[in-house]
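Trainee: Chain residues, written in single-letter form:
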Amino acid sequence: MDKDKTDLLQGTLDMLILKSLQLEPMHGFGISVRIRQMSDEVLQVEQGSLYPALYRLEDQGWIKSEWGVSDNNRKAKFYSLTASGRRQLESETANWAKLSTAINLVLKTT
Amino acid sequence: MSPLRPIRSRLRSLFRRSAIEADLAAELQTHIELQEAANRAAGMSSQEAHYAARRQFGHLDGIKETVRDQRSWVWLEQLGKDFLLAARTLRKNRGFSVVAVVTLAIGIGATATFFSVINGMLRDPLPYPEPGRLASVWRKEITAVLDYTPLTTSDILDLQERAKTLADIGAFSVRRFNLGGDRAEAVEGALCTAGLFRTLGVPPLHGRWFQPEDEEGDNTAVVILSHQLWKQRFNSDPAVIGRTVRLDGRDHTIVGIMPEGFAVLSLWKGTRTVGLWSLLSLRRGAPDWNGYWLGAIARLKPGVTSGQESEELKAIARQIAAADPNADQHRTFWSVPLAIELGGIAALRVSALVAAGWTLLVLAAQNVAGLMLARGIGRQQEIAVRLALGARRGHILRLVLMESLLLSLMAAAGGFLLTLWGQSVLTGILPVEVMPRAGLHLDASLLGSIAVLTLISMQMAGFAPALLASKTDVVSGIKDGSASSGPARKTQRKLRSLVIGEIAVALLLLSIALQFSRTYRALLGSAKALAAEDTLTAGVAVKGPAYQSEDARVAFWKRLLEGCASLPGVREAAVASELPLDGGSASTVLIDDEVYNSAKSYPWIAQAFVSPGFFPAIGARLNQGRGFTPADETHRNQVVVINRAMARRYWPGRDPLGRHLRPAQSGQGWSREVVGVIEDVRQNAERPAQPEMYFPFNDAAIPESFLLVRMAAGVPAPVEAIRRELARIDGDLALANVRTLGAVFQSQGRVLAVLTSVLDVLTVAIIGLAALGLYGTLSFHFARRRRDIGVRLALGAAPRDIARLVFKQAVWWVAVGLVVGAAGAWGFSSVLRRVLQDASPFDISGVVLGAAVVFGAALLAAWLPARRAMNVNPVEALRAE
Numbered sequence: 001m002d003k004d005k006t007d008l009l010q011g012t013l014d015m016l017i018l019k020s021l022q023l024e025p026m027h028g029f030g031i032s033v034r035i036r037q038m039s040d041e042v043l044q045v046e047q048g049s050l051y052p053a054l055y056r057l058e059d060q061g062w063i064k065s066e067w068g069v070s071d072n073n074r075k076a077k078f079y080s081l082t083a084s085g086r087r088q089l090e091s092e093t094a095n096w097a098k099l100s101t102a103i104n105l106v107l108k109t110t
Numbered sequence: 111m112s113p114l115r116p117i118r119s120r121l122r123s124l125f126r127r128s129a130i131e132a133d134l135a136a137e138l139q140t141h142i143e144l145q146e147a148a149n150r151a152a153g154m155s156s157q158e159a160h161y162a163a164r165r166q167f168g169h170l171d172g173i174k175e176t177v178r179d180q181r182s183w184v185w186l187e188q189l190g191k192d193f194l195l196a197a198r199t200l201r202k203n204r205g206f207s208v209v210a211v212v213t214l215a216i217g218i219g220a221t222a223t224f225f226s227v228i229n230g231m232l233r234d235p236l237p238y239p240e241p242g243r244l245a246s247v248w249r250k251e252i253t254a255v256l257d258y259t260p261l262t263t264s265d266i267l268d269l270q271e272r273a274k275t276l277a278d279i280g281a282f283s284v285r286r287f288n289l290g291g292d293r294a295e296a297v298e299g300a301l302c303t304a305g306l307f308r309t310l311g312v313p314p315l316h317g318r319w320f321q322p323e324d325e326e327g328d329n330t331a332v333v334i335l336s337h338q339l340w341k342q343r344f345n346s347d348p349a350v351i352g353r354t355v356r357l358d359g360r361d362h363t364i365v366g367i368m369p370e371g372f373a374v375l376s377l378w379k380g381t382r383t384v385g386l387w388s389l390l391s392l393r394r395g396a397p398d399w400n401g402y403w404l405g406a407i408a409r410l411k412p413g414v415t416s417g418q419e420s421e422e423l424k425a426i427a428r429q430i431a432a433a434d435p436n437a438d439q440h441r442t443f444w445s446v447p448l449a450i451e452l453g454g455i456a457a458l459r460v461s462a463l464v465a466a467g468w469t470l471l472v473l474a475a476q477n478v479a480g481l482m483l484a485r486g487i488g489r490q491q492e493i494a495v496r497l498a499l500g501a502r503r504g505h506i507l508r509l510v511l512m513e514s515l516l517l518s519l520m521a522a523a524g525g526f527l528l529t530l531w532g533q534s535v536l537t538g539i540l541p542v543e544v545m546p547r548a549g550l551h552l553d554a555s556l557l558g559s560i561a562v563l564t565l566i567s568m569q570m571a572g573f574a575p576a577l578l579a580s581k582t583d584v585v586s587g588i589k590d591g592s593a594s595s596g597p598a599r600k601t602q603r604k605l606r607s608l609v610i611g612e613i614a615v616a617l618l619l620l621s622i623a624l625q626f627s628r629t630y631r632a633l634l635g636s637a638k639a640l641a642a643e644d645t646l647t648a649g650v651a652v653k654g655p656a657y658q659s660e661d662a663r664v665a666f667w668k669r670l671l672e673g674c675a676s677l678p679g680v681r682e683a684a685v686a687s688e689l690p691l692d693g694g695s696a697s698t699v700l701i702d703d704e705v706y707n708s709a710k711s712y713p714w715i716a717q718a719f720v721s722p723g724f725f726p727a728i729g730a731r732l733n734q735g736r737g738f739t740p741a742d743e744t745h746r747n748q749v750v751v752i753n754r755a756m757a758r759r760y761w762p763g764r765d766p767l768g769r770h771l772r773p774a775q776s777g778q779g780w781s782r783e784v785v786g787v788i789e790d791v792r793q794n795a796e797r798p799a800q801p802e803m804y805f806p807f808n809d810a811a812i813p814e815s816f817l818l819v820r821m822a823a824g825v826p827a828p829v830e831a832i833r834r835e836l837a838r839i840d841g842d843l844a845l846a847n848v849r850t851l852g853a854v855f856q857s858q859g860r861v862l863a864v865l866t867s868v869l870d871v872l873t874v875a876i877i878g879l880a881a882l883g884l885y886g887t888l889s890f891h892f893a894r895r896r897r898d899i900g901v902r903l904a905l906g907a908a909p910r911d912i913a914r915l916v917f918k919q920a921v922w923w924v925a926v927g928l929v930v931g932a933a934g935a936w937g938f939s940s941v942l943r944r945v946l947q948d949a950s951p952f953d954i955s956g957v958v959l960g961a962a963v964v965f966g967a968a969l970l971a972a973w974l975p976a977r978r979a980m981n982v983n984p985v986e987a988l989r990a991e
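Taken in order, these protein sequences are the chains called A and B.
The first sequence: position 55 = 55 (the working numbering), numbered continuously.
The second sequence: position 524 = 634 (the working numbering), numbered continuously.
In isolation and in its complexed conformation, chain A is listed as follows (with noise of 0.2 Å):
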């Protein structure tokens, strides 16, 4: 891994694959690619990683999955979010804003 890349917080890559599905349904490829770039190139996902978290969101019914075809016409697993996967990215948007102001005042204080 490189070791200009900053490793994810541990829990964090579950509220970042919900939220680079916010807008529309992407397979694995296009989730890692997203995230890649919606971060500036910081972060990057290891399909090592990516591939249990969907698996595991989507066993936790906060996404679900259907095959379809790509951009460039391959056959492609599309992930999209369910209802419920919609509430908790809110609720962890809301936390995740509450804990960095948080640690943001904490490491400003002199």
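For the record, the hints were derived by calculation from the structure and aren't laboratory data.
Please note: incorrect hints may appear among the correct ones.
Partial chain B-side listing against chain A, Cβ under 10 Å, derived [stated by the list, open to error]: (1) I130; (2) T140; (3) H141; (4) I142; (5) L144; (6) A162; (7) Q166.
For the chain A half of the interface with chain B, some residues (derived, Cβ under 7 Å), not all of them [what the hints assert, rightly or not]: (8) G28; (9) F29; (10) Q47; (11) G48; (12) Y51; (13) P52; (14) Y55; (15) R74; (16) A76; (17) K77.
Treat the numbers as computed from the prediction; the structure is a model and nothing was measured.
Don't be surprised by glycine CBs; every beta carbon is placed ideally from N, CA and C.
Fit chain B to the supplied structure of chain A, relying on the hints for placement.
Mentor: Okay, now just chain B, sitting in the frame of chain A:
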């Protein structure tokens, strides 16, 4: 979201496993292709893009593995796989599996069956209302643990007056009555207090219980009949209430009839079937004031615990002792819940069977463990290969444990069937004394015990092999196999200790079983030394207004014995207050010049009053001195004959003849000279002979005594003629319980005889299992040496040499095992002797016998493999691996 969702999805993934795997593989493939396309778009050559995509992706199978493990029910799937694999392995080794299942099933079945007997006894419901509040009360030596001394008259009265924890207390003593009428009949009955019926609380079928007024009034001659006697003698006529019957020559009023099946259950002569209860009115200062003669059952007040009651009774005993220096200073009261006492004693008697059943199970489990270990050693190569291919040790462990679980489950099913069968067999052969009143049942606790036994046997059988398997070293395991010119040293050592351990345990268990069996057999055997079959016995109760005085009873017996002696074929006619093996009375004595010391407690010594004809009538050998003569009968309280046990206890190594005995406490009244010593005659079929004293019958002329008539060999006893003799003297008296002395022994020794024969069957099974285990291990061992043997044969060894090699090794191992086992047997025997006084001493012949049997079994077990070794075809053996 439904909380069931993850579970549903897991279930789904469990059943649609292959679909999901394919799904994942396709998805990952797509990912790689997309990556590849993106790489190409970024300007890589097509080959470069391909490899980069692969590289970026990482370990494909690792991802699959992680996804798979995440679906946490995967273990269940794995378990199913292990199960199938184990089942397949077991089916492939059918011989091994059958032996393992059968032996374990026998062990489980035997243990569970005997457990159900004991459990049934301990939980046998008493046939009384609120049985949990009933307790028996005894006296015991303060320092003794168990001592069933009955109570005195004053004890009962004291407890009635003082004990606040008791709702009621009843006392009784078994007696024989002459039931007069058209035809006199001797009936077993009991004297009992009015409190006994109130205590037990079973309402009468007709009439009433005894009442306090019965005790107060002048007419205490009232009687309650059992259902059996009422049916048999009074044709079940309810109108007999209020009528009178003649009991021992005195009129008694019938006041009640008890329902069918009612009995006073107690250890105090409890095995006798009582036909009637006659009111016993206890009065202070009565002649038998100080005798210990009353069995007692108490009913606790509601809410009182057994502990509180025991404490109070002990306190009362202390008060009595403190208030009256003449009261018993050495014995306190003690009390046990009736159900526990009755069940516990009976359970104790069959505990040897449970021990034997347990032995069987241990042996079976050990056999299976041995077989599995042996197989495990053989499988080390296979396991090493599995480990090398990446199997985790936990997985190997699980696999081996699964095999033993499977075996145990099948054994449990077999054991269950065996238990059902065993219960029906035992129901047929076990005497009532060692059979729960409620019978043997299939219940939850029995099923539970089978489950527990299965778990235990699985633990014992499966754990060591599993551990061995999981510890297998990959490198040496594989090397071992590749260079199998002979088993590697380590394997050899393991096998050797296995065989030696097995033989040692077999010998140990066998000698334990033999010791139990011998202890029983010795007790049974020594009972038969007497002239059992030619001697007729019958109870005669010489009671009634005409026999108040001893002289009258002496005169009666003189006439009856003369009458009997004159009958044709009669060799000897005698009277005795007790029959051999039939229990008896006891007293305490001072030896020679001993002075009574109130601080010392004197042991009870069994006693019997017998006429001169008694010793010849039972065929007891005289060891020293003489028996009784007619002259002894005319001078009262002059002489005593003792048995050998008594001579050994009081005059060890010295001549007891001419020594004296006096009654303890007073030391007054009489001083008897020891004139003879006879061979031991036991008082109880299940215990060795205790010291015993014989006094001339005329010294006491006990009313309830026994007539003994010894016939010339082969001449049938003229029972009717004897009855006529009796009727000529007194038409109110009758013979009770007419049977040969042999029948007395048999009825007393019946329980022991049955237990012994069941134990013998178990012992045979134990030997069989031990031999089977040895055979399994040895034959496996030599099967493993096939190649080695093939080489020897190829190099020119004769088949005989090979057989010798096999035998030599087997014999050497067996010898070491026997030495270890014998040491264990010796150790066990000395422990047993400390626990069980009656256990027959450790005798080397038993161990030698056991060793011979084990050795024979081992040789047999070695013979088959040896023969097979002789027939090894060297070419085949060398090629086999």
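Trainee: Would you mind marking each hint as holding or not holding in the structure?
Mentor: Hints, one by one, checked against the model:
Restraint check, I130(B) versus chain A: the minimum CB separation of about 9 Å is within 10 Å; hint holds. With 10 Å as the threshold, the beta carbon of T140(B) comes within range of chain A, its nearest partner Cβ sitting at about 5 Å, so the hint holds. With its C-beta approaching chain A no nearer than about 5 Å, H141(B) sits inside the 10 Å limit, and its interface hint holds. With 10 Å as the threshold, the beta carbon of I142(B) comes within range of chain A, its nearest partner Cβ sitting at about 9 Å, so the hint holds.
A least Cβ separation of about 4 Å between L144(B) and chain A falls short of the 10 Å threshold, and the interface hint therefore holds. With a least beta-carbon distance of about 13 Å to chain A, the hint placing A162(B) at the interface is violated under the 10 Å criterion. The beta carbon of Q166(B) comes within 8 Å of a beta carbon in chain A, closer than 10 Å, and the hint placing it at the interface holds. With 7 Å as the threshold, the beta carbon of G28(A) comes within range of chain B, its nearest partner Cβ sitting at about 5 Å, so the hint holds.
Here the hint on F29(A) is kept, as its CB sits about 4 Å from the closest CB of chain B, short of 7 Å. For the restraint placing Q47(A) at the interface with chain B, the shortest Cβ-Cβ distance is roughly 5 Å, inside the 7 Å limit, so the hint holds. Interface restraint check for G48(A): the shortest CB-CB distance to chain B comes to about 5 Å, inside 7 Å, so the restraint holds. Interface hint at Y51(A): satisfied, since its Cβ lies 5 Å from the closest Cβ of chain B, which is below the 7 Å cut-off.
Restraint check, P52(A) versus chain B: the minimum CB separation of about 5 Å is within 7 Å; hint holds. The beta carbon of Y55(A) is positioned within 7 Å of a beta carbon in chain B (closest approach about 5 Å), and the interface hint is therefore held. Because the smallest distance between the Cβ of R74(A) and any Cβ of chain B comes to about 6 Å, under 7 Å, the interface hint for this residue holds. Interface restraint check: A76(A) against chain B, minimum CB-CB distance 5 Å, threshold 7 Å, status holds.
The restraint placing K77(A) at the interface with chain B holds, with a minimum CB-CB distance near 5 Å, inside the 7 Å limit.
The structure fails hint 6 only (numbered hints given earlier).
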